[in-house]
Amino acid sequence: MRKILVIAFHLIRRTMGTKRGFLLNILIPAIALSLIAGLFSNLSDSKPIVQVSNQDQGMMGGYVEKSLQQNGSYEIVEAPNATEQEMMDAIQAGKAHASVLIPVDFTSKLLAGETPQASIYRMGEQLWSASLTEELQSEARKLAAAAMMVENTSGEQQATLLASILDKEGEGKASVREETMRLGQAVARPEVIGIMIMFVMLLVSRSIGYVMEDREQRTMARMYAAPLRALDIAFGNFAGSMLLGTFQLLIVFGMSHFIFGFMSGVPFGPLFLVLECFLFAAVGMATLIGGLVKNSVQLGQINNLFITPTCMIGGCFWPLSMMPDFMQKLANFTPQKWAIQAFDRLSAGGTVSDVLLQLGILLLFALVLTAFGATVLRPNRTN
Amino acid sequence: MNFVKFRDVVKKYDTTLTVNHLTFDIAEGEVFGLLGPNGAGKSTTIEMLAGLLEMNGGDITVDGFSIRKQPLEVKKRIGIVPQELAIYEGLSARDNVTFFARLYGLSGKLLKERVDEALRFVGLLERAKDLPSTFSGGMKRRLNIACAIMHRPKLIVMDEPTVGIDPQSRNHILESVRELNRLGSTIIYTSHYMEEIEALCSRIGIMDEGKLIAIGTKEQLKKQSGQEERLVFEVERSNAQALSEMTEHLAVKRCEEQAEDKTIEVVVKDSPSVLQDLLFILQKHGIGLRKITRVEPNLETLFLQMTGRKLRDE
Amino acid sequence: MRIWWTTVYYEIIKYSKMRSMLLLLTGLPLVLIFLLGNAFNQELKPAKVAVYISDQGELRSGIESFWKDPSIQTYMETLSAASETEVKDLVREGTADYGVVVPADYSSRILMGQSAEWKAYPGRYEERNIAARAVIDSYMSNTNLKLAAMETLGAAYSSSPAASSSDETARPGEAVFRVGNVSGGKEDVFKSVSAVQYYAAAYLIMFLLYGGMSATLSLMNQRSRGTLQRIYAVPGAFRKAVAGILTGALALAGLQAIVIIGFSAVVYDVDWGGRVGWIALTCLLTAIAGTGLAVTLGSLVGSTKSLQTLFGIVVFVMTFLSGGMVPNIEQMVGGAGKYTLNYWANEVLRTIMYENDPSKIWSGIGILAAIAFCLALIGAVRLPKVVKKHA
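Residue numbers (my numbering), protein chains in the order written: chain L, 70 to 452; chain E, 377 to 690; chain F, 2 to 392.
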């Protein structure tokens, strides 16, 4: 047992004991994560700015504007006299995200049973702007319907009647009330946890790289010449990689949690448990890759080809749900996805019992990957 | 008392027998030399002895412990100096030795003492804090040895410890082998430099193609070569008649002419009168003689004689 | 000439043996282009709305048909849930982006003229919440309009054609709001090209720059192994051989460009704009600039390992600042992107993709050529430091 620890600490020392190792594996991740945590915590979703130029001489334009205000999702900026060009410029300059122009004859045309020509300007078709457009179309149809209701009247009477109908409508007998739930913070904003996961994977693969160097330079054979079993060496290397990752996580995650307030409302213990389970899977993955390549130099190169793409698919850098479905399905095969999901549940107020499935999947990853890759960790007795 | 016993040891790679039913003993306190050309199976034999390789048949015992049944007991008693420089370039010399010492279970005050001892022994104590990447080839070789002796093993196995280094470091290493032996360790030393083996070893085994083809002290081996000696005549010219007359002499085993060197090489049985007879033949044919050299039998010739090949390709 | 050619030839043979490095220089950009291009493609992904209608009253069928209405399917994908708890779970899990619960007493209250409300559970993504709100709002305002009409007009309403027409589609036909899409502004994330085109350009440039390091690595390796000194000993060969090594690296960059562009064009269907000559020129200039930069950095550091680290960081940072990882980063980094090589090279490639006016392409190429020239010049000055042991 003591000898296993000797090997484990030896691995840690080689990976982290140098200035360069400490810089790359502790300092840079810590700085990067605190920067990211800081950057993204200030970045709350702001409402899209919708510029409205209501030039309508009748009353209906006002109702359109009011309905947009009541929706509550947009920040409405009034620009009564803006021309089309000015509105488009405002979008180009980033001052507004969409602009709505209601023409002079909006009401009169609707009342006459004609189709008025209003405009909406937007920056390409995005989900919100597309549905804003749809909302406006529907609003216009509704106004047209209202106009039809009063088509038998005219003049002053028509206006009063229309106003009373639309005001009644505006009272909103049928309405919707939004309830807030405590939702997870990790899936939609995975950057901090995602990049931490990437750093752990990089560190672990580096340590497996050292193990491979041991094999190449025959220092592992020399270890094995000491009174040790092959399994002792494998366990030592495994434990070394695990301890190394744990150490990095404790420092880096501890810092972003306790100092920079990342997920500060969530208890540290369960979060750390998830990271540990992920670490298991990461070590397994690194050993498997180690087993597939010829030498430690190749390992470094293949890791680049492997870690960044799986982190992308696994949803470490952006929310999974914005990807096409086939990529979301692919994500199920990356341990990163499950770790982030577990984080999400915990941050939504879940307890460890709510993430048992995720932890189980992570451990299963660990088991399968290590089973295939463990030959890397032990000296071979048959060359 | 036989400290190391090889019994019918077999190692197969695919279908070729790299080690072919090897059986021999090494006594306690010996410096045993294992000689053979590259690829003879020396390193494989040593790796099996150190438990690094599994054997396909037979067994090796060290100090009474079987490598098959009690590998850890065997390993405790062995210090192995591998052919490769199995050291960590990124760790200081002291850290290197300390790490391996811990793997042998040393700790505390004893650990420090033994590490100092090993470093002092190879003459690296002053450079203990330096990284091996700043060392010369010879110093790295010495560190390679230090990493194998800090647990005071009863048996030290050195696999080609002098490959590719300067003569000075080589002498230092040879001297330390003698010193280790004086301090009580049994030593197995492999090399394909027969001079080293001849200079160091009290007993020698010669391996070729996985077999031990000869074993014994230097003197025994030389005797085994059948008291043959080689006489080399440098002549002004030669003559076929003379050559055939020389070949026909009863004491002559072989006779070859090297035309371009103008030499005649004669392998003869030890016989008091043969030289006179040969000189007579040369004189009779009017062949002028410049120089006669008598070549003593050595391991090289023994190997040549037994296998028809030279030890090294030069 | 023969010495030059021989060196180029052997450099290429050496590169062809470094399989995993070649894989890295061509495979990784292709993987990244694929992932990023697909992840950020701007097709509308409908928001998933979990709906549970517990109301069994008269309005139920109207609500059901509203959620199934094809006109909202572009924005909404409806997931029917069996209970309010399930709605909440779906939102909490992220399976649904928004949840809606229609209470059991909704129909009866509305029909009795009382106010009634749906319950909604917004999800994680504000954009999708906005979309869901917009859709629900249009339903609510139509319902309210009818209620208002009944109250205000009474019997007159019930007999009017407006009441009998089933839904708000009273006056079908042209849309009232004409849509104008603005492009080219700050919010035009991918600069007038598609996501996959954007990333294809960005990663071609990034990995061409990486490839530009190979000449310096080769020189430094040959210096430390002594083969460079050996060439130095051959009379009149040294300059030509060094030129050959540099050319070999450019040939490698050419290969990289062909593989990345060819593969992405055929397999990912990336439209590169079809102007092969200009694309080739851009790649060549980028490779030259990368080589010059690598030589310069190589002259400052001692070992190939530190060059790899330093150059890697420089290329990574330049790619990041020019928006190659997170598009639209310029505002966040305060325009620092413009001081990177990648920015101009990407700009040229994107212009080639969408612009028909050659003069616009030329101006970009001009700037890129100037940068490449400067870097090559500095590289040439620093080259002796790299190739000679004691310079």
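Careful, some of the hints might be misleading.
[To be verified] A few chain F residues facing chain L, derived, Cβ under 8 angstroms:
1) Leu-31
2) Val-32
3) Lys-46
4) Glu-128
5) Arg-134
6) Ala-135
7) Arg-240
8) Asp-270
9) Val-302
10) Ser-304
[Stated by the list, open to error] Just the calculated beta-carbon pair ranges, DEER-fashion:
11) E:Glu-465 to L:Glu-345: 52 to 58 angstroms
12) L:Leu-436 to F:Asp-90: 27 to 33 angstroms
13) L:Pro-336 to F:Asp-90: 51 to 57 angstroms
14) L:Arg-71 to E:Glu-430: 22 to 28 angstroms
15) E:Glu-555 to L:Leu-74: 33 to 39 angstroms
16) L:Lys-88 to F:Ile-379: 26 to 32 angstroms
17) F:Phe-374 to L:Leu-436: 56 to 62 angstroms
18) F:Tyr-11 to E:Asn-414: 56 to 62 angstroms
19) F:Tyr-11 to E:Asp-637: 37 to 43 angstroms
20) E:Lys-505 to L:Gly-338: 41 to 47 angstroms
21) L:Arg-89 to F:Asp-90: 44 to 50 angstroms
Calculated from the structure, these hints are not laboratory results.
Every residue gets a Cβ at the ideal spot worked out from N, C-alpha and C, and that includes glycine.
Agreement of hint Val-32 of chain F with chain L interface, Cβ distance less than 8 angstroms: holds (5 angstroms)
Close enough to count: is the Cβ of Asp-270 of chain F nearer than 8 angstroms to one in chain L? Interface hint status for Asp-270 of chain F: violated (14 angstroms vs cutoff 8 angstroms).
Ile-379 of chain F and Lys-88 of chain L - C-beta distance against the hinted 26 to 32 angstroms: holds (30 angstroms)
Going by Cβ atoms only, is Arg-240 of chain F closer than 8 angstroms to chain L? violated (31 angstroms)
Check the following: the C-beta atoms of Tyr-11 of chain F and Asp-637 of chain E are separated by a distance inside 37 to 43 angstroms. Since Tyr-11 of chain F and Asp-637 of chain E have Cβ atoms about 41 angstroms apart, the given range 37 to 43 angstroms holds.
Whether the CB-CB distance between Pro-336 of chain L and Asp-90 of chain F falls inside 51 to 57 angstroms: The hint (51 to 57 angstroms, Cβ to Cβ) is violated, given that Pro-336 of chain L and Asp-90 of chain F are roughly 22 angstroms apart.
Interface hint check: Ser-304 of chain F, Cβ to nearest Cβ on chain L, cutoff 8 angstroms. Holds or violated? violated (12 angstroms)
Taking 8 angstroms as the limit, does the beta-carbon of Val-302 of chain F come near enough to a beta-carbon in chain L? Violated: closest Cβ of chain L sits about 13 angstroms from Val-302 of chain F, beyond 8 angstroms.
Restraint outcome when Lys-46 of chain F is required to lie within 8 angstroms of chain L by C-beta distance: With a minimum Cβ separation of about 7 angstroms from chain L (threshold 8 angstroms), the hint on Lys-46 of chain F holds.
Could you check the hint for me, namely that Glu-465 of chain E and Glu-345 of chain L are 52 to 58 angstroms apart, CB to CB? Cβ of Glu-465 of chain E to Cβ of Glu-345 of chain L: about 32 angstroms, so the range 52 to 58 angstroms is violated.
Using the C-beta atoms of Tyr-11 of chain F and Asn-414 of chain E, is the stated range 56 to 62 angstroms upheld? violated (30 angstroms)
Evaluate the given range 41 to 47 angstroms for the C-beta pair formed by Lys-505 of chain E and Gly-338 of chain L. With Cβ atoms ~42 angstroms apart, the hint holds.
In terms of the numbered hints stated before, the structure departs from hints 1, 7, 8, 9, 10, 11, 13 and 18, listed from lowest to highest.
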